[in-house]
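This is what each chain is made of:
Number of protein chains: 2
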Amino acid sequence: MVIYPNEIENLIEKFNKLPGIGRKTSEKFVFYLLKQKPEFLNEFANSILNLQKNLNFCQICNNFSGIQNLCEICQDTSRNKSQLCIVEDIQDLAVIESTKEYQGLYHVLGGQINPLEGITPEKLNIQKLIDRVKKEKFSEIILALNPDIQGEATSFYLIKLFKPLKIKFTRLARGLPMGSDLEYTDETTLTNALKGRQEII
Amino acid sequence: MVIYPNEIENLIEKFNKLPGIGRKTSEKFVFYLLKQKPEFLNEFANSILNLQKNLNFCQICNNFSGIQNLCEICQDTSRNKSQLCIVEDIQDLAVIESTKEYQGLYHVLGGQINPLEGITPEKLNIQKLIDRVKKEKFSEIILALNPDIQGEATSFYLIKLFKPLKIKFTRLARGLPMGSDLEYTDETTLTNALKGRQEII
Chain E
23 MVIYPNEIEN LIEKFNKLPG IGRKTSEKFV FYLLKQKPEF LNEFANSILN LQKNLNFCQI
83 CNNFSGIQNL CEICQDTSRN KSQLCIVEDI QDLAVIESTK EYQGLYHVLG GQINPLEGIT
143 PEKLNIQKLI DRVKKEKFSE IILALNPDIQ GEATSFYLIK LFKPLKIKFT RLARGLPMGS
203 DLEYTDETTL TNALKGRQEI I
Chain V
23 MVIYPNEIEN LIEKFNKLPG IGRKTSEKFV FYLLKQKPEF LNEFANSILN LQKNLNFCQI
83 CNNFSGIQNL CEICQDTSRN KSQLCIVEDI QDLAVIESTK EYQGLYHVLG GQINPLEGIT
143 PEKLNIQKLI DRVKKEKFSE IILALNPDIQ GEATSFYLIK LFKPLKIKFT RLARGLPMGS
203 DLEYTDETTL TNALKGRQEI I
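These protein sequence lines are chains E and V, in that order. In case it helps, our numbering puts the first sequence at residues 23 to 223. In case it helps, our numbering puts the second sequence at residues 23 to 223.
Treat the hints loosely; a few may be bogus.
Copies of the same chain look alike in the list, so a pair counts if it fits in one copy or across any two.
Claimed, not checked - Restricting the straight-line Cα-Cα distance to at most 20 angstroms, the calculated cross-link-like pairs of lysine to aspartate or glutamate (EDC-like) are:
#1 K156 - E29
#2 K46 - E110
#3 K190 - D170
#4 K46 - D111
#5 K190 - E158
#6 K50 - E29
#7 K57 - D111
Since the hints were made in silico from the structure, they are not lab data.
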């Protein structure tokens, strides 16, 4: 392995910790930054320093809440307070919001149950969710978790937990994504698309 | 597009400027950093701030020289001073050094000639190279530029420039990379491998 001066190695090491970034890509980033003006490096460093400052999380749903205690969605009186959408993280919330299709409330779990990585239900915002579901009268709870093994496990855990409450539980539809090609679609997706087929006439 | 709070958008924007990094990957980086301890963010920011400090470039070859005026290679009296290897950037120098195969000196151009991107010969360390080649008596100049269009153009420019000096000019061998598969090798590489075939018995 090629070793560079300390200043360079230190930063390579940091970039190397980012998800999906290996040593070679880290080197590419550092050599790119070496060619930039000092002002850009200052701004970059400041953006990192400021990231966690002034960033609070909503006491109800765990979304970003800026400098306030509650997020914009929980404060918005025009939202449908009888629907609750459970998401894994804030990015999933943001992407659902961007569709403008959903008008209810959210609850951010902060992860998926994954015992192999030590993420047990206690480590997620599930207690808060239980308290909330017991207190509020939701007519529907939408599970908007990823369609993968951990997402399924988390959904299963939540369904079991809330079964006694007899609330309507739904999950996002499984089927063919737009722009896909039947020929290259995996069997599970195709099975789901067949099972969930919709009447058109 | 999903819009996040300012603190997050600012950093997404910075990561987005790194080579090969799009908006989605930038978001992934920022949300990863959000989950890290403040100490890690401080160290990351400091590594960026310190990157360009205390980092000088060798007055002869343009390699890193730490806090000194000349780099370790130019200062090393045991190196073969009759060979000069011309490379595009310091990363290429480092990777050649890591082979331990070459014992001569280097000259870092700082880029490739690329008129479309406004990189003309004047923007590279070519004047310094001309002065150096006229002063020192090199017995061989090795062109270790990338085997692509810009690399070829740069080599061609340098060969034309130094032709009157009648120095031995070589370039890195073209041929099959280790671990490759003849069946999937492109025609140019295979043509080069045939042209440069080596006698083994």
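Hints, verified against the model:
1. K156 - E29: Answer is neither: 54 angstroms inside a copy and 34 angstroms across each miss the 20 angstroms cutoff.
2. K46 - E110: between (31 angstroms within a copy, 17 angstroms between copies)
3. K190 - D170: neither (22 angstroms within a copy, 61 angstroms between copies)
4. K46 - D111: So K46 and D111 pass the 20 angstroms test across copies only (15 angstroms; inside, 30 angstroms).
5. K190 - E158: Intra 14 angstroms, inter 84 angstroms, cutoff 20 angstroms: intra-copy only.
6. K50 - E29: within (15 angstroms within a copy, 25 angstroms between copies)
7. K57 - D111: between (36 angstroms within a copy, 11 angstroms between copies)
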